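So you can see what is in the structure, the chains are spelled out below.
Number of protein chains: 2
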Amino acid sequence: MTPEEFRRYGHQIIDWIADYRSSLHTRPVMAQTKPGEVRSKIAANPPVDAEPFADVLKDLDEVVLPGLSLWQHPMFFGYFPANSSLASVLGDMLSTGLGVLGLAWQSSPALTEVEEVATDWLRQMLGLSDSWQGVIQDTASTSTLVALLSARERTSDYGLVRGGLQAEDRPLVVYVSAHSHSSVDKAALLAGFGRQNVRVVSHDANFGMCPESLDAAIRRDISEGRKPCAVVLTTGTTTTTAVDPLRKNIEAAKRHGLWVHVDSAMAGSAMILPECRWMWDGVEGADSIVVNPHKWMGAAFDCSVYYVKDAQHLVRVMSTNPSYLQTTADGQVKNYRDWGLPLGRRFRALKLWLLIREQGIAGLQKRLRRDLQNAQWLAAQIADEPSWKVLAPVQLQTLCVRHEPEGVTEEELDRHTLNWVNSLNQSGRTYLTPATLNGRWMVRVSIGAENTEQHHVEVLWQAMKEAASA
Amino acid sequence: MTPEEFRRYGHQIIDWIADYRSSLHTRPVMAQTKPGEVRSKIAANPPVDAEPFADVLKDLDEVVLPGLSLWQHPMFFGYFPANSSLASVLGDMLSTGLGVLGLAWQSSPALTEVEEVATDWLRQMLGLSDSWQGVIQDTASTSTLVALLSARERTSDYGLVRGGLQAEDRPLVVYVSAHSHSSVDKAALLAGFGRQNVRVVSHDANFGMCPESLDAAIRRDISEGRKPCAVVLTTGTTTTTAVDPLRKNIEAAKRHGLWVHVDSAMAGSAMILPECRWMWDGVEGADSIVVNPHKWMGAAFDCSVYYVKDAQHLVRVMSTNPSYLQTTADGQVKNYRDWGLPLGRRFRALKLWLLIREQGIAGLQKRLRRDLQNAQWLAAQIADEPSWKVLAPVQLQTLCVRHEPEGVTEEELDRHTLNWVNSLNQSGRTYLTPATLNGRWMVRVSIGAENTEQHHVEVLWQAMKEAASA
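Listed in order, the protein sequences are those of chains A and B.
Last residue of the first sequence: 1386 (my numbering), numbering continuous.
Last residue of the second sequence: 1386 (my numbering), numbering continuous.
So here's chain A without its partners, still in its complex pose:
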């Protein structure tokens, strides 16, 4: 494709996306396709000869579009919001169009330096001190894996250059909560700790980790000959957006020299609001933090920012230095390849940079406050209905709710919950995520799609009541 063909088709793609974004509220939120249906519309074999680009565009409407669940839909209340704001989309498009690669600073200096600036801007917006340095990773799963690998190597005094984890005489232990994200358990297992060395610390009634339990668990492991290594604390858990009390848990962890990783993938965005900063009280004592601007804040996926105190340690764990990657600028610059797992890196900073500039801090704050208010509004409505319950504190923009008709057993209640939420999702009117809490199914309502206004939440509430009483 020549640049001139690109210009022609590119304008068509831009129009197609603009039309898609401005009309998606008229479509079903959750895709209504059957398993295999999309695949069945595509040829089983690759084309030998070039196809006209118009055929590709046609398939966007006929094959792709019906197979999408619409995360940007104002009636999307599933998982957590993934607000691919249009200014950020343009930043990401630029990154792809530029086609440059960050193997080293020299291989495209702007890629590295705009990332330094954009992550530092975000640091300031979040109220973090300048002792933190940021780097963009793909997802919080990866950021947390990087954190646990860093912790492993600090506790083992860089065992990786000797016999690795398999040469440790005493098992290293990681501490989590039952409400830590599934990626935390995955990261601990992939890092080689083993499930027997992942301690699930008990939590309080609001699903926050108990510092006393953490302290006791660490002491028990030490007395039994194991080496406590790291604790993962969460601000904004996935099920209920619970907040592990940072200050006291960090005190307990630091008493025994543990690495503290703070998973603020979700609640991190709210730290641009001073009134939410209580959730981060004590965060400066941590070793690493992950914040996902690609969730609520509006950066196009993927953009997960990993903040670290001791960047030299990170580089020592992650660095490689083969001759073909050495450049004359080394020593004067950051080579971000040594700050994470992959060698090759996109120019991801553009999507964060453009988002912040096009919105300004004030614009982002305003939208987040709207969502917090919408969550409080819905919580108040639910409180007025005796057969509905809000099951966890609404501290952020997510509600855990259940419709509890009188006189049903717990098993019937589970069936009832899954029935109404699945039928509502399948209707295409909205998208909610069921999850279990204290062993029973409930429904998460995660407010905060960019186009969700209060009237959408009103429509949702009406639809929930209808579905539950159907």
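These are computed hints drawn from the structure, not numbers from a lab.
Please read all numbers here as calculations on a predicted model, not as lab measurements.
One should not assume that every hint holds.
Same chains, same label: a pair holds when it works inside one copy or across any pair of copies.
Stated by the list, open to error - Below 25 Å or equal to it, Euclidean Cα-Cα: the simulated DSS-like pairs (lysine-lysine) are:
no.: 1; residue 1: Lys1250; residue 2: Lys950
no.: 2; residue 1: Lys1225; residue 2: Lys1164
no.: 3; residue 1: Lys1305; residue 2: Lys1381
no.: 4; residue 1: Lys974; residue 2: Lys1225
no.: 5; residue 1: Lys1170; residue 2: Lys1143
On the provided structure of chain A, position chain B as indicated by the hints.
Then chain B, alone, in the frame of chain A:
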């Protein structure tokens, strides 16, 4: 940003990229900025209020553009090509604009099913049997880490659900070559094996791993009480594009039950050419393969395809199943989150799908053959010049060359090599990557940027001669 604003600015961005792509041959290939220069042009603090989008566009020209090294430049011969073909760019732009996320099949069915189709198309193009299943990862670094984690868990019989790698009674060992990519060593260390358990198997004069040495190394480890776990074989090494003989090395590995991972990040693209398939003789005996369509083939970065024989094993190692990720479609569909490290996934298949359709197999083959011919042309020129040497077989599109004036010591030769290549890079005329081979510096000429025609290689050769004799 509203969809209508997006339409307006999006057209500007498309035009900007089209202009950039059609004019980049007039710019310096390697950025001529100093460390910190880009950063110094950007405000140190984030804006409180929204900035006009025109200011952002202005900074593209004044801040970003001068700070780019131009991977799409026809005079780019550095690293390996990263051909961000414009059809693929459009596919990636669509992915960003759609803003959907593949947490589960249900969270956007087309994202999963187009990925199934596109990776299967590529499988057919590469001549792989249908016993392979593909998934898109970000980079080969990640794919290789996934392979070594899979190997670790097969050898340890899923130790991750027990005491992890730290509970193994005998150390697990990984086998590589000195010419394996730096990411292989990194993956082995991050997976916890430890450098003492990474064996560097000797290679032949053409830099391919010796099967006899592999066999001997494995036997020695067994006899000394260790557990051989995995071998990484490379087709198309980074320094010289050498090919580890697959069939015999795989025989040696399989005799002892090792996991075989084939790193074809670079040479994999050439497997669409039947005349290059000798490099993969025996590949069907491997357990996993990585191929990077985002290199020479032309997919926009990031698009690394990981092929695996036993997908069930992969899922068992990588899967998580918290309640909030369960859907009614589970069991009937693929949930690609369980095929790699990150939970969230972009719609990356679009950039591969659009590339293949817009080019056709024939179009891709034609371009790759052109590059192979250009490499042979340059090799022939160099063979005619007594003071120049080609240092390794030119099997693909990369040449390892050195200018060797008479009567210089080896240390002087190193200085001479780095002098002329760095001055040539800094001139902006071209971009080459110096690297060491057998302990001495030489220069890699990696042909294959999408716009590089023979006349560009002629200009390069002239420039090299001038720089070396300056």
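Results of checking the hints against the structure:
1. Lys1250 / Lys950: Result: close only across copies, 13 Å inter versus 48 Å intra.
2. Lys1225 / Lys1164: This pair counts as within: shortest intra-copy Cα distance 19 Å, inter-copy 48 Å.
3. Lys1305 / Lys1381: within (12 Å within a copy, 78 Å between copies)
4. Lys974 / Lys1225: Neither way: Lys974 and Lys1225 sit 50 Å apart in one copy and 34 Å across, limit 25 Å.
5. Lys1170 / Lys1143: For Lys1170 and Lys1143, only the intra-copy Cα distance (14 Å) is at most 25 Å; the inter-copy one is 37 Å.
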